[in-house]
Amino acid sequence: MRGNAMTLDISHAYIRNMLSRVCAVHNINITGGEQSLNVKAMRYLLSHLKHREIHVDRFYIVTNGSLSSISHEFIETCCALYDYQTEKVEDTGRCMLELSDDRFHDSTGREKIVFRLSELPFFGMRGQSEHMFLFKEGRCTVGFDNPVYPIYMDEDGVVHGDVYLNAKGMVCSNGDMSYQRQESNSLCTSSRFYSYLKSTVGKY
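Those letters in the sequence shown? Residues 87 to 290, by the working numbering.
Among the hints, erroneous ones may be present.
[As the list claims (entries may be wrong)] As a list, the in silico PhoX-like pairs of lysine-lysine whose alpha-carbon atoms are at most 20 Å apart:
no., residue 1, residue 2
1, K174, K136
2, K126, K136
3, K126, K289
Calculated from the structure, these hints are not laboratory results.
Let's have the full structure, built from the sequences with the hints guiding it.
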C-alpha cells in the first residue's frame, strides 16, 4: 500500500543506532515490505534487544501472506519474539502476528497460509477488509487523511509519539506514510536520532 515493491533490506547498523540509548519499549511494530523475506533482520533485532537487556512489552507483525510467511525460519523467529515480549495473548487478547487481508495483496495460497499460521497461539486475522479503514497513501486512492504528529522526549527521557525507522535508515513519526511521503517527512537519520530527541525537550 505504501507504494511499489522495493528490493531493499534494512542495515543492521540502523537497528543498533536506534537502540543505542533505549532501556524499554512499549511496542515494536515490525513492518515491510514483507517481513518474512528478511528474517535475518528480525533475528538481529531480537539478539540486540537481548544483548542490551531491553524490555519489550509487545511486538506486532502484519504479514502480507506470501509463502515465505510459513517458512520454518520465519515461524521460529516469530515464536522467539513472542517468548521475549512480556504481554501475552491470554492476558491482552491482542495477537502478535496478523495476516493482512486487504485488496492490495495477493491472496494466492491464502487458505494454506491461514491453516499453518493458525496453529500459532499468537496469530489472528487482521479483518482489514471488514473492520479496518485505510489511509489515502501510496497505491490507495481512497480512504482517510494520514496526518503526521511529532516525536519528542520529555525531561525524564521518555519518548512520546510513534517512531518509525525505514529501510533507508531515515526516522519518521508515521509508519503509514507512502515511500514518497517518507522522503519529504523524515526527521533525521538513525545515527542522529538521539541528538534530534534532545532538541525536542521542552518543546511540547
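Results for each hint:
1. At roughly 18 Å between alpha-carbon atoms, K174 and K136 fall within 20 Å of each other, so this suggested pair holds.
2. Between the alpha carbons of K126 and K136 the distance comes to roughly 15 Å, so the proposed pair stays at or under 20 Å and holds.
3. At most 20 Å may separate the alpha-carbon atoms for a hinted pair to count; K126 and K289 exceed this at roughly 38 Å.
Hint 3 alone, counting from the list given before, is not met by this structure.
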